[in-house]
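> Top line first, the protein sequences correspond to chains S, R and V.
For what it's worth, the working numbering labels the leading residue of the first sequence as 1, then goes sequentially.
For what it's worth, the working numbering labels the leading residue of the second sequence as 1, then goes sequentially.
For what it's worth, the working numbering labels the leading residue of the third sequence as 1, then goes sequentially.
Honestly, the hints are just simulated from the structure, not real lab data.
Among the hints, a few may not be true.
As the list claims (entries may be wrong) - Taking lysine-lysine and the DSS-like style, the derived pairs with C-alpha atoms no more than 30 angstroms apart in a straight line are:
id: 1; chain 1: V; residue 1: Lys138; chain 2: V; residue 2: Lys79
id: 2; chain 1: V; residue 1: Lys95; chain 2: V; residue 2: Lys583
id: 3; chain 1: S; residue 1: Lys119; chain 2: V; residue 2: Lys707
id: 4; chain 1: V; residue 1: Lys564; chain 2: V; residue 2: Lys583
id: 5; chain 1: R; residue 1: Lys67; chain 2: R; residue 2: Lys135
id: 6; chain 1: R; residue 1: Lys133; chain 2: R; residue 2: Lys167
id: 7; chain 1: V; residue 1: Lys495; chain 2: V; residue 2: Lys138
id: 8; chain 1: S; residue 1: Lys140; chain 2: V; residue 2: Lys564
id: 9; chain 1: V; residue 1: Lys564; chain 2: V; residue 2: Lys500
id: 10; chain 1: V; residue 1: Lys707; chain 2: S; residue 2: Lys139
id: 11; chain 1: S; residue 1: Lys140; chain 2: V; residue 2: Lys706
id: 12; chain 1: V; residue 1: Lys618; chain 2: V; residue 2: Lys564
id: 13; chain 1: S; residue 1: Lys139; chain 2: V; residue 2: Lys583
id: 14; chain 1: V; residue 1: Lys79; chain 2: V; residue 2: Lys95
id: 15; chain 1: R; residue 1: Lys28; chain 2: R; residue 2: Lys133
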Amino acid sequence: MTPPAGSLLWAEQLRKAYGPTLALDGAEFSIHPGEVVAVMGPSGSGKSTLLHCLAGIVTPDAGTIMYGGRELSAMSDAERSALRRSEFGFVFQFGQLVPELTCVENVALPLRLNGSSRKEAERAALTWMERLEVDELRKKRPGEVSGGQGQRVAVARSLVTNPRVLFADEPTGALDSLNGERVMELLTDAARSTDAAVVLVTHEARVAAYSDREIVVRDGRSRDMERAV
Amino acid sequence: MSIGHTLLGLLESGPRHGYDLKRAFDEKFGHDRPLHYGQVYSTMSRLLRNGLVVVDGIEAGSGPERKRYAITDAGITDVQRWLATPEKPEPYLQSTLYTKVVLALLTHRDAADVLDTQRSEHLRSMRILTDRKRKGDLADQLICDHALFHLEADLRWLELTAARLDKLREAVTR
Amino acid sequence: MSLSTGERPRTWPTAPAPGRRSRIRRVAADLAMGVRFAFTGGREGWTRAVLTAVGVGLGVALLLLTTALPHALGVRQEKEAARTDITFTGRWLPKADDTLVVANVGSDFRDDSIRGRALEPEGPRAPLPPGVERFPAKGEMVVSPALQELLESDSGALLRERLPDRIVGTIGESGLIGPAELAFYQGAEGLAPHIDSGRIVRIDGYGDPNATSERSDPVLLLLILVVFVVLLMPVVVFIAAAVRFGGERRDRRLAALRLVGSDSGMTRRIAAGEALAGAMLGLVFGAGFFLAGRRLAGTAEVFHISVFPSYLSPSPLLALLVAVAVPTAAVLVTLLALRGVVIEPLGVVRAGRPPRRRLWWRLLLPLAGLAMLYPMIGDGRDNGDFNQYLVAGGVVLLLVGVTALLPWIVETAVARLGAGGVAWQLAVRRLQMSSGTAARTVNGIAVAVAGAIALQMLFTGVEDDYTRSTGQDVAWAQVEVTLPNAVPVAPAAEKLRNTKGVNEVYDYSEGHLGDRARDPQAGTTVTVGGCSVLREIADLPSCADGDVFAVHGAERDTGVDVAKLAAPGRTLYLDPSYEGGPKSLEIPWTVPQDVKTANPRHALLAGTDRGGILITPKAVPDTLTPALQGHAYLRLDESVPDVHDRVRNTAAAVDPLANTVTWAQTERTGRFDAIRTALLVGAACVLALIGASLLVSQLEQLRERKKLLSALVAFGTRRRTLSLSLLWQTTIPITLGLLLATAVGLTLGTVLLKMTATTVRVDWSSVLAMTGIGAAVVLTVTLLGLPSLLRLTRPEGLRTE
């Protein structure tokens with residue numbers, strides 16, 4: 001099978017086992033530029049593994065992943081790392097900000113990893129922090145800001161490289177409803193304005209409601225709800 | 001909830017007398033409100049008229065109660081269509097959804113499909129509400145949030161039921 | 001489909017009422033709970049407890065061994081004193097039924113010296129040396145177990161030639177000062193005529209009657225003291241680090257305890273209990289390691305010194321001190337570490353940004369140390385009576401100063417570090433956040449290196465002092481053989497000349513001349529030898545066999561008018577007797593009429609200028625021979641294997657009492673080299689120990705950051721960047737630590753050298769070696785941590801389930 005026209009990231013027949021546990025068992029996925037797709041499912045269903053495979057963090061045992069006309073699963077670790085640095089963005093539930101760095105340094109980190117100068121990187125970082133309304137935290141360290149603020153800093157960091165795909169794994173998992181919604185609004189607005197695709201792993205329906213479409217992962221198999229109807 | 005579709009579904013496992021149907025319905029779905037036989041009679045007449053069931057045979061003796069009904073192909077298609085159509089996301093849907101799930105299990109259809117279809121429909125509504133909320137003022141936001149929380153509760157029920165389908169199948173087909 | 005509610009219990013269990021125990025019992029209960037926590041908690045808990053215990057145990061064992069060392073050396077000294085036979089007192093004993101004639105027939109074999117005695121009992125009550133059951137007869141010998149082993153081995157074949165006597169027994173432990181000592185007693189006859197109160201004496205008992213009232217060398221004492229302090233300090237620092245193994249995890253557990261309602265005092269006590277448990281187990285391990293180490297020490301030989309395991313018993317007071325101090329220190333260190341930590345029910349909060357470290361009191365420590373040492377500067381060996389407490393206190397304070405100064409230096413330096421790559425930034429920021437941890441991890445190494453540098457300096461300086469030139473010209477001759485009286489030198493020289501590896505032999509014999517047969521007023525040396533040999537002794541105008549010379553004005557003859565003594569025709573007496581001594585040979589000799597005059601020469605032979613009377617062989621009447629002692633100087637071809645032992649064998653074959661001495665340009669060099677090597681090895685061991693603890697804490701920190709590391713890798717951070725950052729993170733503090741260590745070490749070394757009034761010289765190569773070892777330890781630790789880093793950054797780390 002070939003990817004449908006216009007799809008940015010596409011996968012089929014993904015299989016991945018951790019020891020005896022089968023995390024993915026024939027999962028499929030497809031996303032267009034600018035699209036927000038929610039990946040839902042009960043805990044342990046394999047949705048995080050699907051995200052890790054799609055983002056090139058984990059290589060699947062079997063199956064194909066195509067990104068922008070290239071086969072992700074055939075790339076070397078270094079190539080995939082470079083891709084993650086330059087074209088993907090990431091937001092996790094928690095534990096992703098480097099506690100020793102200030103907020104602005106954290107946001108600038110991906111740019112610095114891409115070789116930008118410190119000044120340049122921090123200027124760009126500040127623009128994004130302003131957009132996510134956390135620019136006043138620039139000198140603070142992650143330990144000194146609230147969970148919601150920290151998560152917005154993390155969103156700013158995920159967007160600072162102008163990624164084409166944003167991977168968000170339970171980005172609101174550690175937040176209350178109001179903070180969670182604010183983060184989701186900012187995240188989806190920012191992504192739409194830059195035409196980035198968002199892969200959003202969540203088990204919360206109200207978070208998934210910020211998506212354009214959702215797929216459900218159950219026992220390692222994915223179901224595209226749009227096509228099922 | 002559609003009594004007609006439910007009775008049709010019950011017929012899928014084989015022809016039954018009217019009283020049989022009532023007893024089966026009460027057992028699986030009636031709970032504390034048993035079906036009046038008159039309701040069965042009128043429903044079956046309507047189904048007969050629409051060609052969804054046929055009279056399979058009449059026992060010796062007289063009276064409508066002796067009629068044995070069988071489902072037609074059109075009837076099976078009708079049940080299928082009903083199960084596959086999500087309900088309009090509204091509060092207090094659970095009895096209809098429950099009936100659908102049980103019927104799907106009874107007729108060896110994929111009950112998870114029923115749930116997933118419904119879940120998708122719920123999420124579609126939630127998306128619309130979320131969108132309206134984002135564009136609206138505080139009043140809009142509060143109203144939408146109310147609906148969203150209700151829908152979320154339904155969705156969680158759907159998820160929970162999906163996780164318990166195997167247990168439910170055991171219980172209803174026993 | 002109905003929900004089964006099950007049977008509800010009628011009554012709910014009631015909680016016991018809060019205890020009203022006394023405060024002491026509550027404290028005890030908290031401590032006990034801590035002890036329990038130290039050992040429960042599954043495999044991980046055990047691992048941590050054992051790790052701590054092994055760390056503390058190694059430290060304790062090292063402490064015990066070092067405290068036992070003085071005792072061991074003391075026992076050696078006592079036993080040495082108890083078997084002393086030749087005392088050089090000059091006391092002359094008449095022959096009796098309780099006397100014994102002892103001859104020193106000790107020898108060297110390769111690099112080992114062999115203690116050897118020839119024994120000739122003169123009566124039934126002659127004293128037996130310690131460890132010997134009966135006197136060996138002539139042709140028999142008793143040997144130490146180590147010597148027996150050597151003689152029976154292939155490598156000892158050459159020695160067996162020299163000691164052909166039948167082995168009739170072994171010397172017991174009471175007669176030896178170490179298990180590896182090479183010693184023998186052989187039976188002898190006819191020793192009495194050779195008694196010279198030097199190598200051959202008559203005794204009626206053992207032991208030194210006027211045992212060393214001699215003041216022991218203060219510089220050596222200082223050296224020993226400093227060695228102790230320098231070796232012990234890092235061990236103490238290491239123990240402090242060891243009780244903190246697993247600290248992060250423990251903090252989390254304590255937080256959980258807070259959640260179920262223990263107050264902060266209780267958590268502190270529980271933590272103290274945990275530390276106590278680790279320290280106690282460590283003491284047990286330490287005792288075990290010590291006993292094992294003692295066994296091992298019995299089989300090892302360091303600087304040609306071996307000790308019996310039984311000697312290595314620490315003094316009870318010191319052992320008690322260790323047993324009390326270690327757990328106390330463990331508890332104190334734990335409480336101190338918890339000072340900056342607020343344990344809240346929901347986790348551990350490092351108390352915000354700790355206040356900036358202040359410099360003044362940190363500087364106070366090393367300055368106080370310097371102040372304690374300063375008054376002793378310039379004392380030197382001669383009037384140095386170094387106060388042990390001041391020395392130890394000063395050195396300790398200076399070294400403790402390192403541990404106090406380092407956190408401040410790291411904090412200050414790191415705060416100023418600026419721009420750089422991502423790896424650099426990550427490392428610097430992390431160090432800025434927790435410079436204390438970073439400093440703590442390298443403290444031990446810094447102290448060890450500082451101490452080692454100071455010690456090296458002291459050694460190098462003192463070594464120069466202790467290795468004064470012997471004045472022997474090793475280019476001229478390498479071995480000197482001295483024969484007993486009356487043994488003719490010429491045939492012996494011939495035999496030596498024929499020994500393989502001997503290139504040249506200079507032989508002469510000498511005796512003492514007096515102006516009277518008894519109690520002479522003036523006297524000088526007489527040397528008998530061929531012209532070629534005599535020319536090496538003095539400037540001769542001309543020489544032919546039959547000539548006699550009188551050397552005028554030699555340093556040796558200061559106060560003696562040789563011209564008057566050697567007046568032609570005057571009768572002099574060879575080997576005169578002295579009052580109180582036995583009657584000696586008193587051989588008369590008349591100075592010939594044609595005695596010639598010669599000038600002294602700073603002679604090559606025996607290192608000093610010789611004077612007196614020189615006689616060529618033809619001019620020597622036979623009557624003189626019994627009173628002359630033969631000497632032979634040998635020039636060797638050192639490339640011939642075992643040439644020294646071959647010469648010794650030949651000499652022993654000529655006469656068992658022949659004494660063979662190997663010349664050396666300087667003395668003691670070998671011994672100091674050994675000490676330096678040992679110091680290097682010891683320092684390396686201490687550093688390795690500290691390195692192990694570094695590794696443990698590094699792995700723990702990495703585990704702690706597993707999630708973050710995975711996230712960093714997820715968004716594309718190269719593992720190279722992370723590894724590099726890890727490297728910077730250890731390199732920066734270790735560089736600062738080593739710089740400080742070098743500074744403090746050089747200061748301490750300079751002060752110590754000034755105290756011994758020795759020229760201050762820095763041995764940069766050993767400074768580099770020490771800092772190099774320190775740096776190597778850190779690099780090794782980082783490298784060993786890398787696999788763990790790579791494993792932790794595998795994407796599996798992102799999984800939350």
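> What hints, given by number in increasing order, does this structure fail?
5, 6, 8, 9, 13 and 15
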